[in-house]
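Keeping their order, the protein sequence lines are chains A and B. The end of the first sequence is residue 351 by my numbering, with every number in the run present. The end of the second sequence is residue 1135 by my numbering, with every number in the run present.
Treat the hints as calculated values from the structure; they're not laboratory data. Possibly wrong hints are sitting among the right ones.
[Said to hold, decoys possible] Restraint ranges, calculated between C-beta atoms of paired labels, are given here:
#1 A:Asp203 / B:Gln1028: 27 to 37 Å
#2 A:Gln179 / B:Asp1032: 43 to 53 Å
#3 A:Phe80 / B:Ser1119: 49 to 59 Å
#4 B:His1082 / A:Ala188: 32 to 42 Å
#5 B:Glu1106 / A:Gln110: 26 to 36 Å
#6 B:Glu1106 / A:Arg323: 55 to 65 Å
#7 B:Arg1126 / A:Glu304: 30 to 40 Å
Please read these numbers as outputs of a predicted model, since none were measured by experiment. The beta-carbon is built from N, C-alpha and C at its ideal position, and this holds for glycine as well.
Letter by letter, the chains look like this.
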Amino acid sequence: MPRLELPELVRGARQSGPLAVRCAGRLMSLVTDEPQRLAELLAMCREWPQPRLVLGLTGSPGSGKSTLTDRLVLEYRTRFPADKIGVIAVDPSSPFTGGALLGDRVRMMQHATDPQVFIRSLASRGRLGGLALGVKGVVRVMGLVGCRVVLIETVGVGQSEVEIAQHADLTAVVLAPGQGDGIQLLKAGLLEVGDLFVINKADRDGAAALQAQLLAMLQRVDLVRHDRSANGVTTQVCHDVTTGPESDPSHARLFLTSAREHLGIAELVDALEARTEVAQERWRTEREEQIEAELQSAVLAEIERRAICTLRTNAAVVERFDRLLGGAEPLAAVVDEVLRRTIGDATSSTK
Amino acid sequence: MFGPRKPRLLIAKPGLDGHDRGAKYVAQVLRDAGFEVIYTGIRRTPEQIVATAIQEDVAGIGLSLLSGAHLLLFRRVIELLHAQGADDIVVFGGGTIPPKDIPLLESLGVAAVFTPGTSAERIVERLDELLCVPA
Chain A
1 MPRLELPELV RGARQSGPLA VRCAGRLMSL VTDEPQRLAE LLAMCREWPQ
51 PRLVLGLTGS PGSGKSTLTD RLVLEYRTRF PADKIGVIAV DPSSPFTGGA
101 LLGDRVRMMQ HATDPQVFIR SLASRGRLGG LALGVKGVVR VMGLVGCRVV
151 LIETVGVGQS EVEIAQHADL TAVVLAPGQG DGIQLLKAGL LEVGDLFVIN
201 KADRDGAAAL QAQLLAMLQR VDLVRHDRSA NGVTTQVCHD VTTGPESDPS
251 HARLFLTSAR EHLGIAELVD ALEARTEVAQ ERWRTEREEQ IEAELQSAVL
301 AEIERRAICT LRTNAAVVER FDRLLGGAEP LAAVVDEVLR RTIGDATSST
351 K
Chain B
1001 MFGPRKPRLL IAKPGLDGHD RGAKYVAQVL RDAGFEVIYT GIRRTPEQIV
1051 ATAIQEDVAG IGLSLLSGAH LLLFRRVIEL LHAQGADDIV VFGGGTIPPK
1101 DIPLLESLGV AAVFTPGTSA ERIVERLDEL LCVPA
């Protein structure tokens, strides 16, 4: 395929046939490789078709996110045979070599030749929030090629990688039995961004205990919310935690699955569909607001890239840095020098 | 982390043999050399491999085979790439491939064949060359 520019690739991705997939794949490369291209794409994507649901799946390594993703794809494909579905699977880049082994697809190969499923693996490339720069651009390209649902699987995360919440309409935290006691569930961070909690590997020992601990956690959260509401609104206290008194699936937050055994997947999709019905209009507005944050990230990433380049290569900066090392220079002076030289280099290179 | 980034590659095992030690070793060597390597596991069809390569927009596909079916499977992968207008994706490979078959594979369009005993350095060097990675 010849080297095509962004607008040509967008046109190409909208056609049908094998070349469309190539164009979409190439677009995804552009927006994840170059912040400038990401900005261009985000500026032109407002009128494009969008997915109804962008679901984030996050959780620790080995909790079963990829297998669960695979089963969700299968369930959606079965329910909506005419619709496309997209998967973005992120794995970590090496902080030492920049290389990465992207292995999430291994669990999803049953969909490899399904033209209605678009799977894209991304390396985190230095980002520490569990995702990669440009994810939002990739989501938009998936919308462009007609994906009804996009699943974003994060890097296997620990306690604090919450970036997914800025990219997904709904965030599902995937847990597995045997990852610690109830104190872990008291901690801030990852669990705060969960809209849904999936206890995967629920066929294993310890699933019931984890379920009880999670229920207690969700009840605490609700109780705190209730206590804080000044006018003492009495809804939403403790009872809608599982399927709720009205069994309204759009309120369900806690799910037991065994992705390997295909258990609990249909119930999870029921709830996702119910929530999508209720909230998709609101999500569209939220996505527009998130574009601004994404562009800020892109700007910051570009600043960082240029500043690092200056820090490493500009002779005057390197000299100042040596003085900082020797205690002969305050940090702020080096920062000023880096900023000055970075800007200087940029203006001289654009002339 | 920053600076020129090495291309994305797909390491795949087509056909029926399940001996993935070589494929995993090469995947790790390439990872450590700074490539982003997509690994798809054992027993994949050429169709799965090519569809994956196109969605992932990789610069190269490395096929590992120990089954003896290399002529058939390499040819099929290259044909499928051609049919998809993806001839620019570099195909290389390795495994137990008899030396006499290497010129044949090369004539099919396989860019490099790494047989057992090839050093990790040599593989990286050759791929850097093939994929025009700046030194």
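Discussion item. So, against the hints stated earlier in the document, which numbers end up violated here?
Written reply: 2 and 4
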